[in-house]
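Starting from the known structure of chain A, fit chain B onto it as the hints suggest.
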Amino acid sequence: MQVNGAKAIVESLIHLGVTDIFGYPGGAIMPVYDALFNAHKIKHILVRHEQGAVIAAEGYARITDKVGVCIATSGPGATNLITGIADAMLDSIPIVCITGQVANPLIGTDAFQEADIIGMTVPITKWNYQVTKSEEIPHIIAKAFHVAKTGRPGPVLIDITKDAQFGEFEFDLSSIGSFAHENPVVAESELSQAAHLINEAKRPYILAGHGITIANAEKELVEFATKTGIPVACTLHGLSTIDMSHPLYVGMLGMHGNYGPNVLTNEADLIIALGMRFDDRVTGNLNTYAKNAKVIHIDIDLAELNKNVRAEVAIHGDAKEVLTELINHVNPNNHAQWINKFKEHYTLEHETVMHREVTPQPGHKIKMAEVIHKLSQKTAGNAVIVSDVGQHQMIAARYYQFKDPKSHITSGGLGTMGFALPAAIGAKVAAPNREVIAVIGDGSFQMNIQELAVLAQEGLKVKILILNNEYLGMVRQWQELFFEERYSFTALMNPDFIKIAEAYSVPSIRIDSEDQLDKALDTMLNADSSFLLEVMVEKQGKVFPMVPAGCGVSEIRLS
Amino acid sequence: MNMYVLSIITQNTLCVLQRVAGMFSRYRINIEHINISRHTEELSYWNVVIYSEDERIELLTRQLTKIIELVEVKIIDKVPLEA
Chain A
1 MQVNGAKAIV ESLIHLGVTD IFGYPGGAIM PVYDALFNAH KIKHILVRHE
51 QGAVIAAEGY ARITDKVGVC IATSGPGATN LITGIADAML DSIPIVCITG
101 QVANPLIGTD AFQEADIIGM TVPITKWNYQ VTKSEEIPHI IAKAFHVAKT
151 GRPGPVLIDI TKDAQFGEFE FDLSSIGSFA HENPVVAESE LSQAAHLINE
201 AKRPYILAGH GITIANAEKE LVEFATKTGI PVACTLHGLS TIDMSHPLYV
251 GMLGMHGNYG PNVLTNEADL IIALGMRFDD RVTGNLNTYA KNAKVIHIDI
301 DLAELNKNVR AEVAIHGDAK EVLTELINHV NPNNHAQWIN KFKEHYTLEH
351 ETVMHREVTP QPGHKIKMAE VIHKLSQKTA GNAVIVSDVG QHQMIAARYY
401 QFKDPKSHIT SGGLGTMGFA LPAAIGAKVA APNREVIAVI GDGSFQMNIQ
451 ELAVLAQEGL KVKILILNNE YLGMVRQWQE LFFEERYSFT ALMNPDFIKI
501 AEAYSVPSIR IDSEDQLDKA LDTMLNADSS FLLEVMVEKQ GKVFPMVPAG
551 CGVSEIRLS
Chain B
1001 MNMYVLSIIT QNTLCVLQRV AGMFSRYRIN IEHINISRHT EELSYWNVVI
1051 YSEDERIELL TRQLTKIIEL VEVKIIDKVP LEA
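Top to bottom, those sequences are chains A and B.
At position 417 of the first sequence the residue is numbered 417 (the numbering used here), and the sequence of numbers has no breaks.
At position 72 of the second sequence the residue is numbered 1072 (the numbering used here), and the sequence of numbers has no breaks.
Mixed in with the good hints, there may be bad ones.
[To be verified] Pair by pair, the computed Cβ-Cβ distance ranges are:
#1 A:His15 / B:Ile1009: 30 to 40 Å
#2 A:Thr109 / B:Thr1013: 15 to 25 Å
#3 A:Leu286 / B:Glu1082: 28 to 38 Å
#4 A:Glu200 / B:Thr1065: 29 to 39 Å
#5 A:Asp116 / B:Thr1065: 18 to 28 Å
#6 B:Val1049 / A:Pro184: 29 to 39 Å
#7 B:Thr1065 / A:Arg310: 13 to 23 Å
#8 B:Ile1034 / A:Phe112: 58 to 68 Å
[Unchecked claim] Only some residues are given here: those of chain A computed to face chain B with a beta carbon under 10 Å:
#9 Pro123
#10 Lys126
#11 Trp127
#12 Asn128
#13 Lys133
#14 Glu135
#15 Lys143
#16 Gly151
#17 Arg152
#18 Ala303
#19 Glu304
#20 Leu305
#21 Asn306
#22 Leu517
Worth flagging that the hints you see were computed from the coordinates, not collected in a lab.
Being a predicted model, the structure only gives us computed values, none of them experimental.
C-beta: ideal position from N, C-alpha, C; glycine also.
Chain A with its partners taken away, still in its complex shape (with noise of 0.2 Å):
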């Protein structure tokens, strides 16, 4: 079949099962829009800002098994990818940019909207390539899938001149070739030696991260927790691999994570950290840090081993690969002194915290956590919490109860201010049926709030909560505890969000009071559309637990 580049980009896509993609049009990318148009097996979600596309195309990757998949034109529309491409690096999210570029013979004239988006992207991507050539778009893209989903996911960009786009060239899907791929091989006496460790530990603890998501080994951390009868604490993106209510459960580690599975870090005789980068907001002070535990560390990536702290048992591999050999190699056991030592220290945590943070206070402003705490229970932890960047996100993730696989989005590495409306609706778009819920600051929203426009036209019925404290908090919070409350650009004089969400067509409302927060928070669920729910909260509220920056875990303040 005779084809052009831009027909052979859309069907090589078909080919490869990609059925959403988000994207906005321009000079550089129209061959690929125009074979688009005809295209019915492909659904294009139109953005408002290509950050949109590419934070989207996240949102779609986080919620799924499947690639997310991005498209923009050449110069600006590729430059404002970055921020999204960094953001997936960091938090190891599948997804594959297409941009277009300026056509092959005005590459380096400083042509209208050229940008070597190739050299910008080096640091901040798996792999990218220029396409110059029609021929090589079949082989090239469905090479892109295979590495952003390989091993340790990440982003892939291609770009693709605008005459490679346009030249015509004879299609044949046999000539994409095949990508094997299969996972390092465990040696038996790695798995010998960490059952030995486990099976020796009097105070062994779980620390769950990503790659049991990515991994798809949620059953089998349950499994191996359960077996072994240690305790599971999870990073943020570690949040809902386990359901929070089960009794092997402890809390969320890190900066704003849980009371006891910080402290208790230090108390740990062997730490098995699965698919888990001990990443410097989890770990605190890397010099105090479990100093009396063994380490077992399982990731996929080699290269995050013994990266930031020394293992004795370093098991490159599979997380859920690792786990089904390991369950077989441990013994059944239980901790339940150690457990009850996370217990005390939860209870310490909720007297001194918990509950005066979700209690309402007569004559107070609402706080973030009582709104967090009333959405878990009316959605029954059901939901997907699609949070920003900032305080309401360390919120939403201490206080929404987690049960099932998949239900936490968050931009963890980079912190992507911006982050959470576009990623919701990738998510909403990757998972209709689910409830999709947008936990967003007023700071945060307006980084990325022209995509807005995307739930009407789409008719998607994502659910926008803004906790709104005039602030951006964290950076408030910090400038309170460490800058001697010299509050240097931190307060906001926000627009009216509710004129904004009318002028989308997003239905919404705004209470500032306890007795409406009930009635507004089922008005939101219950809406059979998209619906943007503000909640002026307590301006000055801050987040603790906290291990302040440079401390240890030991050294977290309850206040």
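Same frame as chain A, but now just chain B:
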């Protein structure tokens, strides 16, 4: 601090120099000497001399192995430097 000589084999593609060199600069390791020659039409052989600490070089070589176009990286010489 040691002087290391690395032997690297990569695919002979347009952007691979930037990708490999970028990894060195990301780890704040200066390239003291570099020689790249085409071995076959598809492969380039690299010889790179750098100064680094042991831990850093281990991290660097592991990160290098993740580059899709990289076929092999080996430390072929290590010379301790006087403080």
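Taking the hints in turn, this is what the structure says about them:
1. A:His15 / B:Ile1009: 30 to 40 Å: holds, 32 Å
2. A:Thr109 / B:Thr1013: 15 to 25 Å: Hint holds: Cβ distance 23 Å, inside 15 to 25 Å.
3. A:Leu286 / B:Glu1082: 28 to 38 Å: holds, 29 Å
4. A:Glu200 / B:Thr1065: 29 to 39 Å: holds, 33 Å
5. A:Asp116 / B:Thr1065: 18 to 28 Å: Given a distance of about 26 Å, which is inside 18 to 28 Å, the answer is holds.
6. B:Val1049 / A:Pro184: 29 to 39 Å: holds, 31 Å
7. B:Thr1065 / A:Arg310: 13 to 23 Å: Hint holds: Cβ distance 20 Å, inside 13 to 23 Å.
8. B:Ile1034 / A:Phe112: 58 to 68 Å: At roughly 36 Å between Cβ atoms, A:Phe112 and B:Ile1034 fall outside 58 to 68 Å, so the hint is violated.
9. Pro123: Hint holds; A:Pro123 Cβ to chain B Cβ min 5 Å, cut 10 Å.
10. Lys126: holds, 7 Å
11. Trp127: holds, 4 Å
12. Asn128: Interface hint status for A:Asn128: holds (7 Å vs cutoff 10 Å).
13. Lys133: violated, 13 Å
14. Glu135: Given a least distance of 17 Å, the restraint on A:Glu135 is violated.
15. Lys143: holds, 9 Å
16. Gly151: holds, 8 Å
17. Arg152: Status holds, d = 8 Å.
18. Ala303: holds, 4 Å
19. Glu304: Hint on A:Glu304: holds, closest Cβ of chain B at ~9 Å, below 10 Å.
20. Leu305: holds, 8 Å
21. Asn306: holds, 8 Å
22. Leu517: Check failed: Cβ of A:Leu517 comes no nearer than 47 Å to chain B, outside 10 Å.
Hint violations for this structure: numbers 8, 13, 14, 22, all remaining hints satisfied.
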